[in-house]
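**Q** Turn these sequences into a full structure, and let the hints guide you.
Here is how the chains run, residue by residue.
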Amino acid sequence: MINTGSESSGLTDIGSANSGSASSGSSDIGLAQRSMAVLRRVASTVASPLRRFVVTWRRSLQFRVAASTVAVTTVVVLVIGLLLVDQISNGLLHAKRDAAVRQAVAGLDSARPKFNGVAPGDHAGINQAVEQISSELAANGSNAGLFTIAVRSPDPSVDSAQTDEPVIPPALRAEVRKGKGSIAVQYYPVQVQGQAKPVVGLIVGEPVNTNAGTFELYYLFPLAAEQATIRLVQRTVLLAAISLILLVAAITFLVTRQVVRPVRVAAQTSRRLADGDLSQRLQVSGEDEIAQLGESFNNMATSLQSQIQRLEELSRLQQRFTSDVSHELRTPLTTVRMAAELLYNHRETFAPELARSAELLTNELDRFENLLADLLEISRYDAGAARLEADEADLVGVVERAVRASEVLAQRQGVALNVQLDASTAVAEMDARRIERVLRNLIGNALDHAEGRPVEIRLAADDQAVAVTVRDHGIGLRPGEAGLVFNRFWRGDPSRSRLTGGTGLGLAISLEDARLHGGWLQAWGERGRGAVFRLTLPRAAGTSLTSSPLPLAPQEVQA
Amino acid sequence: MKPRVLVVDDDSSLAEMLGIVLRSDGFEPAFVPDGSRALVAFREVKPDIVLLDLMLPGMSGIDVCRSIRAESGTPIIMLTAKTDTVDVVLGLESGADDYVVKPFKPKELTARMRARLRRYDEAGGETLLIGPPDSPVSIDVPAHQVVRDGVQISLTPLEFDLLVALARKPRQVFTREVLLEQVWGYRHAADTRLVNVHVQRLRSKVERDPERPEVVLTVRGVGYKAGPP
Chain S
1 MINTGSESSG
11 LTDIGSANSG
21 SASSGSSDIG
31 LAQRSMAVLR
41 RVASTVASPL
51 RRFVVTWRRS
61 LQFRVAASTV
71 AVTTVVVLVI
81 GLLLVDQISN
91 GLLHAKRDAA
101 VRQAVAGLDS
111 ARPKFNGVAP
121 GDHAGINQAV
131 EQISSELAAN
141 GSNAGLFTIA
151 VRSPDPSVDS
161 AQTDEPVIPP
171 ALRAEVRKGK
181 GSIAVQYYPV
191 QVQGQAKPVV
201 GLIVGEPVNT
211 NAGTFELYYL
221 FPLAAEQATI
231 RLVQRTVLLA
241 AISLILLVAA
251 ITFLVTRQVV
261 RPVRVAAQTS
271 RRLADGDLSQ
281 RLQVSGEDEI
291 AQLGESFNNM
301 ATSLQSQIQR
311 LEELSRLQQR
321 FTSDVSHELR
331 TPLTTVRMAA
341 ELLYNHRETF
351 APELARSAEL
361 LTNELDRFEN
371 LLADLLEISR
381 YDAGAARLEA
391 DEADLVGVVE
401 RAVRASEVLA
411 QRQGVALNVQ
421 LDASTAVAEM
431 DARRIERVLR
441 NLIGNALDHA
451 EGRPVEIRLA
461 ADDQAVAVTV
471 RDHGIGLRPG
481 EAGLVFNRFW
491 RGDPSRSRLT
501 GGTGLGLAIS
511 LEDARLHGGW
521 LQAWGERGRG
531 AVFRLTLPRA
541 AGTSLTSSPL
551 PLAPQEVQA
Chain U
1001 MKPRVLVVDD
1011 DSSLAEMLGI
1021 VLRSDGFEPA
1031 FVPDGSRALV
1041 AFREVKPDIV
1051 LLDLMLPGMS
1061 GIDVCRSIRA
1071 ESGTPIIMLT
1081 AKTDTVDVVL
1091 GLESGADDYV
1101 VKPFKPKELT
1111 ARMRARLRRY
1121 DEAGGETLLI
1131 GPPDSPVSID
1141 VPAHQVVRDG
1151 VQISLTPLEF
1161 DLLVALARKP
1171 RQVFTREVLL
1181 EQVWGYRHAA
1191 DTRLVNVHVQ
1201 RLRSKVERDP
1211 ERPEVVLTVR
1221 GVGYKAGPP
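First to last, the sequence lines map onto chains S and U.
Letter 499 of the first sequence, counting from 1, is numbered 499 in my numbering, and no numbers are missing.
In my numbering, each number is its position in the second sequence, counted from 1, plus 1000.
Relax, there's no trap hidden among the hints.
Here are some of the chain U residues that sit facing chain S, going by a computed Cβ distance under 10 Å: (1) M1055; (2) K1082; (3) R1193; (4) G1221.
Hints were generated in silico from the structure; no laboratory data involved.
Bear in mind that the values here come from a model prediction, so they are computed numbers and not experimental data.
For glycine and all other residues, C-beta sits at the position ideal for the given N, C-alpha and C.
**A** Now the structure itself:
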């Protein structure tokens, strides 16, 4: 469909271009244009029903079955009909011919004595004999009145004297004349009295050897009756064939409808089921195969529904639990936090041990809080409760904020944060809070492993996606570790401490955040060459990524 | 005079601790542990600012927030243990000016409170005009009055501050982050949902048709600006 559309629009374009030049130029172009238009119309009228047929053929089982049944039936009926008509007409003609030949043989016997009584050269006698034989034979036998008689004498001047002398085909005459007393037969149009046009007929000719020479005796049988019968048979067979085909078509249509309709309903229902309406069921009546299908379909739907409801219930419970734990833990934690802060603020007035205790208390509370927050966040992901609230935002601003937030930490560790922006803006649909959290996690992680060397942050964008890489030049990753870094509580080197007080869940949460956006978060690392984390986000939420504007591995490694 | 604070929280330890912190920071706290008694206490105490826990016995924090907002524009800061968007947005939509997530640091809380109590320096008796010329919104800054089509519009102090911030620089587009800094007093980026919800609330009061705003315009992908005067 789409193809024709674009083709015809292409043709229209050519047409309109032509019309532009036609106004200034010759009429040839106008003609060409007109013929083009005609061609186009013809092509479209031919193509569109054909295409519709192909589409229907592909889409509708009912149509396919009905169409192929009709096609096969047509062929069969055609063959049978032709055979039948052929057989019947052959039989009819054979019988007629046999009867005609018998008539002729009988006529010969009665004609011969008459001719024998005529002397050669006696024209009047011959004429009389011919007259006599003609009328006698014509009135004779069971077929009397159904044929006419013609006699040809060896003397051309005394042929039977009718003015409306029947025409005997020369080929037949030649055969009769040279024949050795045998009977010759030919189908030939025969003139019938009272009818202007000759009708299909059968002419039987025989030589009559007499003293007066060899006469030729012809019986002319009009086959009008037989032809009418054959026509009737043909018409009947044709009518029967057409009605048979139509009947078969109708029957097939009805029968397949019986089968296809429940299938269609089932397809529709399963589509609705797939769309999330779990209460959809098929109507089951009877005990046939379709009913069995419907029943097992319904069983499947029921078990699906109960499974999904169970999972939903679980997820709801988990969310509820998370929310409750969150609240129940956070309220006392707030009190503890405030108390600790108060103690911390007055630590100068305490004895050294108490002062240090207040410091430790405050610091560890920070860690505890972060861990709690991360645990709740990851359990929210596990419960499937995280929802993306994407808004158009500029990743450049997000990166700048994340870098600003990490600067204190970087200065404390004496690590430079180098930002390289390959794009001045990188607007994409994102939840800026989550993405900023991801970036802060990545930068914090890089700072943890920077070993005093600068951390490079690079941003780039293309039509489909925006991306940020965060690179450190620290110890790097061992082979196979790039996939492990996102595991919960994973530590590359258990002996190393976390300088930034990370909870061990940061990268796992970041990965979930990226996934929530339909984006990628990937890691690259080599022993001694540092590590790269790349975040890629699609410009439009919900579209799938195929590539990233930034390479994962650093360029000097790729080269 | 010390600013009065009404603390609505059912956790007695937290309330007590909050009392210690607030007093040492120069506030005068009053406490009510029950949502159903919150409104009565509010009328008695006439606080300058309210700290409101969202999960309360008797009457939910959301309802308390609504009923306070129905009779007063007094700043309300929600204390919430829930960070889910639904809870936060519901709280903001019911009229809270700001929220603090438990566990918060005392300094963070008092900073938020002071930001809400800080008024614009009202030097210079300016009157600002924004919105469509045929029906402008007139803002009398020192008198805290907003009039449109001869009708006075009642705004909460926060909504008033938001409107004034936009109206003072009518051609400038404000990002949500800048508004958070100027109106809410956040020094670093915070939850931009605060801005979205309050812009909606402001629009519902000043716009003729909140679906097609003329006074507070959205600049897609950037932020908000005041409609031309």
